[in-house]
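Asks: The chain contents come next:
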Amino acid sequence: DTGVSQDPRHKITKRGQNVTFRCDPISEHNRLYWYRQTLGQGPEFLTYFQNEAQLEKSRLLSDRFSAERPKGSFSTLEIQRTEQGDSAMYLCASSYQWLGSEAFFGQGTRLTVV
Amino acid sequence: DAKTTQPPSMDCAEGRAANLPCNHSTISGNEYVYWYRQIHSQGPQYIIHGLKNNETNEMASLIITEDRKSSTLILPHATLRDTAVYYCIVRVEGADGLTFGKGTHLIIQP
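Going down the list, the protein sequences come from chains V and L.
For the first sequence, position 12 matches number 12 in my numbering, and the numbering has no gaps at all.
For the second sequence, position 83 matches number 83 in my numbering, and the numbering has no gaps at all.
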């Protein structure tokens, strides 16, 4: 399968714990995006990388959120000191920079903070 | 990115054409119209995009009005598997992330 892969698919954590999600993009894609989706809403853009450079991070929800893409391949999204309001689906997508900028999304990681 | 307006929900009979409207009256000259859909519990799926001309691919057709202030996504022969939330998005090609609204929940009736 050469699609976007996210791990884990589901995560239940206690409030105050740190969590980390992983995204493996389509290998030829140089752009990688992170989104958050809450119930009944469309996905909300958080941040993106072009290769290993993080080009936009002002939309990360708070300083508890951080993302990395150390070698320009897979990426991780970390949430520190989780809160109940962080419960959501976290989606990853990848694309070429141009070529119609068609983004391919993964299945997402559903986070539940209890 | 320009704002879009879509009806919250629509029904369509199986086998008929589903026509999903989108208003984007503040669209700029270099902004493209993109359509994505999201089937329950899955990530969004790209459908089609266009700038000025009408576009067609194996999934759908995109009709953009001459003034580019609105567009229609057409699924020519809707099936039950087309039941999903459909998002209309306008953005500059190559720009950063997509701005999703609430979309249109399309329900295909048997």
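Everything labelled a hint here was simulated from the structure, so no lab data went into it.
For glycine and all other residues, C-beta sits at the position ideal for the given N, C-alpha and C.
Some hints here could point you the wrong way.
[Said to hold, decoys possible] Beta-carbon label-pair distances, calculated as ranges:
{"no.": "1", "chain 1": "V", "residue 1": "Ser-58", "chain 2": "L", "residue 2": "Gly-101", "range": "36 to 46 Å"}
{"no.": "2", "chain 1": "V", "residue 1": "Gly-72", "chain 2": "L", "residue 2": "Pro-110", "range": "40 to 50 Å"}
{"no.": "3", "chain 1": "L", "residue 1": "Pro-110", "chain 2": "V", "residue 2": "Pro-70", "range": "27 to 37 Å"}
{"no.": "4", "chain 1": "V", "residue 1": "Thr-38", "chain 2": "L", "residue 2": "Ala-95", "range": "37 to 47 Å"}
{"no.": "5", "chain 1": "L", "residue 1": "Lys-3", "chain 2": "V", "residue 2": "Ser-62", "range": "41 to 51 Å"}
{"no.": "6", "chain 1": "L", "residue 1": "Gly-15", "chain 2": "V", "residue 2": "Gly-85", "range": "26 to 36 Å"}
{"no.": "7", "chain 1": "L", "residue 1": "Ser-41", "chain 2": "V", "residue 2": "Thr-2", "range": "19 to 29 Å"}
{"no.": "8", "chain 1": "L", "residue 1": "Asn-30", "chain 2": "V", "residue 2": "Gly-16", "range": "17 to 27 Å"}
[Unchecked claim] With a straight-line cut-off of 20 Å between C-alpha atoms, the simulated EDC-like cross-links for lysine to aspartate or glutamate are:
{"no.": "9", "chain 1": "L", "residue 1": "Lys-3", "chain 2": "V", "residue 2": "Glu-44"}
{"no.": "10", "chain 1": "V", "residue 1": "Lys-71", "chain 2": "V", "residue 2": "Glu-44"}
{"no.": "11", "chain 1": "L", "residue 1": "Lys-102", "chain 2": "V", "residue 2": "Glu-44"}
{"no.": "12", "chain 1": "V", "residue 1": "Lys-71", "chain 2": "V", "residue 2": "Asp-7"}
{"no.": "13", "chain 1": "V", "residue 1": "Lys-11", "chain 2": "V", "residue 2": "Glu-102"}
{"no.": "14", "chain 1": "V", "residue 1": "Lys-14", "chain 2": "V", "residue 2": "Asp-24"}
{"no.": "15", "chain 1": "L", "residue 1": "Lys-102", "chain 2": "L", "residue 2": "Glu-14"}
{"no.": "16", "chain 1": "V", "residue 1": "Lys-57", "chain 2": "L", "residue 2": "Asp-11"}
{"no.": "17", "chain 1": "L", "residue 1": "Lys-52", "chain 2": "L", "residue 2": "Glu-93"}
{"no.": "18", "chain 1": "L", "residue 1": "Lys-52", "chain 2": "V", "residue 2": "Asp-7"}
[To be verified] Per the computed footprint, the stretches of chain L lying under chain V, defined by three or more beta-carbons under 8 Å from a beta-carbon of chain V, are:
{"no.": "19", "stretch": "44-57"}
{"no.": "20", "stretch": "97-110"}
Asks: Which hints from the list above does the structure break, by number from lowest to highest?
Replies: 1, 3, 4, 5, 6, 8, 10, 13, 14, 15, 16 and 18
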